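Trainee: Based on the provided sequences and hints, a complete structural model is requested.
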Amino acid sequence: MAQIHELSTELTNQIAAGEVIERPASVVKELCENSIDAGSTRIRIDFENAGLQKITVQDNGSGIASDQIDLAFMRHATSKINSERDLFNIGTLGFRGEALASIAAVAHVEIVTSSNNQGGVRAVFAGGEKKLQEDAPSPQGTKISVADLFFNTPARLKYLRSERTEILKIVDIVDRLALGHPEIAFTLTNNNKILLKTNGRKNLRQDIANIYSRHLAERMLEIDGTTPDFKISGLISDPDDTRSNRNFITLLLNGRYVHNYNLTQAIMSGYANKLGPRRYPIAVIKIELDPVLVDVNVHPTKQEVRLSKEKELERLLTQTISDVLLDGQQESLGLNNLNSQPQDTKIDQLKFNLNKSVVDTTRPVILDSKPEAPAVPEVNEAVGEFISLNRPRNDQQYLITSTWDKNVALQMMLKPFPESEADSTITSQGQEIIDSRLPKLTYIGQMQSYLLAQSNGSLYLIDQLAAHRRLAFDNVLKQLQSEKSSQQTLLEPIVLNFSNVDYLKLKDNLATIKKIGIELEDFGQNTLIMRTYPTWIEKDIEKRIRQLLELYLNAANDNIDKLKIQVAQIIAKNRVYSSSKLSNLEAASLIEDLSKTSDPYRDGDGKIIIVSLSKNDLNKMFKKNE
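Residue numbering for the sequence shown follows this note's numbering, starting at 1 and increasing by one per position.
Keep in mind that the hints were calculated from the coordinates and are not lab data.
Model, not experiment: these values are computed from the prediction.
Please note that the accuracy of each hint is not assured.
[To be verified] Below 35 Å or equal to it, Euclidean Cα-Cα: the simulated DSBU-like pairs (lysine-lysine) are:
id : residue 1 : residue 2
1  : Lys514    : Lys607
2  : Lys440    : Lys286
3  : Lys543    : Lys478
4  : Lys484    : Lys573
5  : Lys507    : Lys478
6  : Lys624    : Lys573
7  : Lys286    : Lys231
8  : Lys596    : Lys202
9  : Lys573    : Lys607
10 : Lys539    : Lys607
11 : Lys615    : Lys562
12 : Lys143    : Lys202
13 : Lys507    : Lys143
14 : Lys193    : Lys507
15 : Lys54     : Lys507
16 : Lys620    : Lys596
17 : Lys440    : Lys581
18 : Lys158    : Lys54
19 : Lys202    : Lys624
20 : Lys573    : Lys54
21 : Lys130    : Lys197
22 : Lys478    : Lys505
23 : Lys507    : Lys581
24 : Lys484    : Lys623
Mentor: Shown next as structure tokens:
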């Protein structure tokens, strides 16, 4: 057995640093929290090369006395707790005495500080050892510079992400700190370029405007709720302003940004059914409580906490948000759907037997991995006096196949470019079915927004609005694929403000965004401007552009072909189509145009456009044997 020995101070400091300092953003967080605890009203953060080369945090706080420098850089030395009782009554952001020691263990650190307006002091640390301390001029407060992060632990570097990702993590940390402390003026720069600037005037809405955009901040709703143990306040978005992930929900517990799944779910419950599927609100919620009710000492980064009476807090969040949305009559348009019966979109679509040289009705094309079970004769069931057509059946007039959805999905180019030889084979099989186009239809009338047509003894019902959506989808997608979207000049440019994170991603990818028809120019200060817009956006131009940019921002990758399809889906779905009665010429023209589309059976979202009833169907519905 190897001999037991005590680890060196240098090694223990590096181990501790690994728990607290995971990346450059961790340095920024720890230093800023120390500045906040020091009573600062101004904090400036500058960094270079994603923070690996240099990070500087300067404040106007209380500073550190010259005879306290060594203690400040010693592990488990702190001015914030003195006893076990204090450990469970934490009122500051930092308290464990690990931050400066951990940073100095893996970087070169310089501190210049002045306390009580006395003469300043400068000290230099490297690898956990103090190299220098001397008197130096300094304004009131502290300035700490961290250079060459992980210089002595290069293995840590392989766990870091790209430079852009590390920059965004720094921006996100400072954004959360600024939202938690609107009384402090924050300035954040990267290579001398300002990424964030707040004014410290205790105006949360203004800070949200600086971070997320004025457009969003103006629409947010105030919340305020109280119980004997908790007080909550802040701003939440109305149900129309949502994002596709939870990253825009900020929970601030006594000023500390924390992660808590249950509290986030309580916020979602407050919105109830006002949010669409997989949509999340933007929220900045401050929670004030007695420090005795929270244990922040469960994780080195202190972003995970343990709460007493958590269920009570969850109920308060849910009820307060629900009341605010109800009082303001903030109802999502989607709620109107609750008053109508849901349309059954699961009925198998017909694959019309139009071209027997292409599709043999006795051998349906099967794309599923398992062979299709033999057809069961006479699968239609009588329900009362009506005949159910909801189940697959097999006869000589037409064929319904459960593989239809998959074939249509292929035609909609959800897999536009085969990634393998197997994918290519599947695509060609799917095309085999799609090649069976509509027959020559004769228009015979209209019932509400449904067109009626006939061909070879079969009756066809066509959803007029779905047909228009298919035409619009094909038109937009064709323009996007040609990358020659016709542009219309705006009378006045549209100015678009974004959060720091979104602005950086958009600014770095303007050429890619142009491929989905949106031409933007960088205007600086988290702002992009648009001077022209694609003509396929017919109304609500700014709203639609923001929607498409959000689609790009939330995309999992830069698959531009998939994005083009999604753009076409959004535009086609959000257009307003007339459901008024068409003239005979208009109806016939619409049917003709539909027959020439990439898929006349479903719109861009996969919703059914056309259904056929053969003579055989009609006979069975009326219980005729022939």
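Trainee: Of the hints stated earlier, which fail here?
Mentor: 2, 6, 8, 11, 19, 20, 23 and 24
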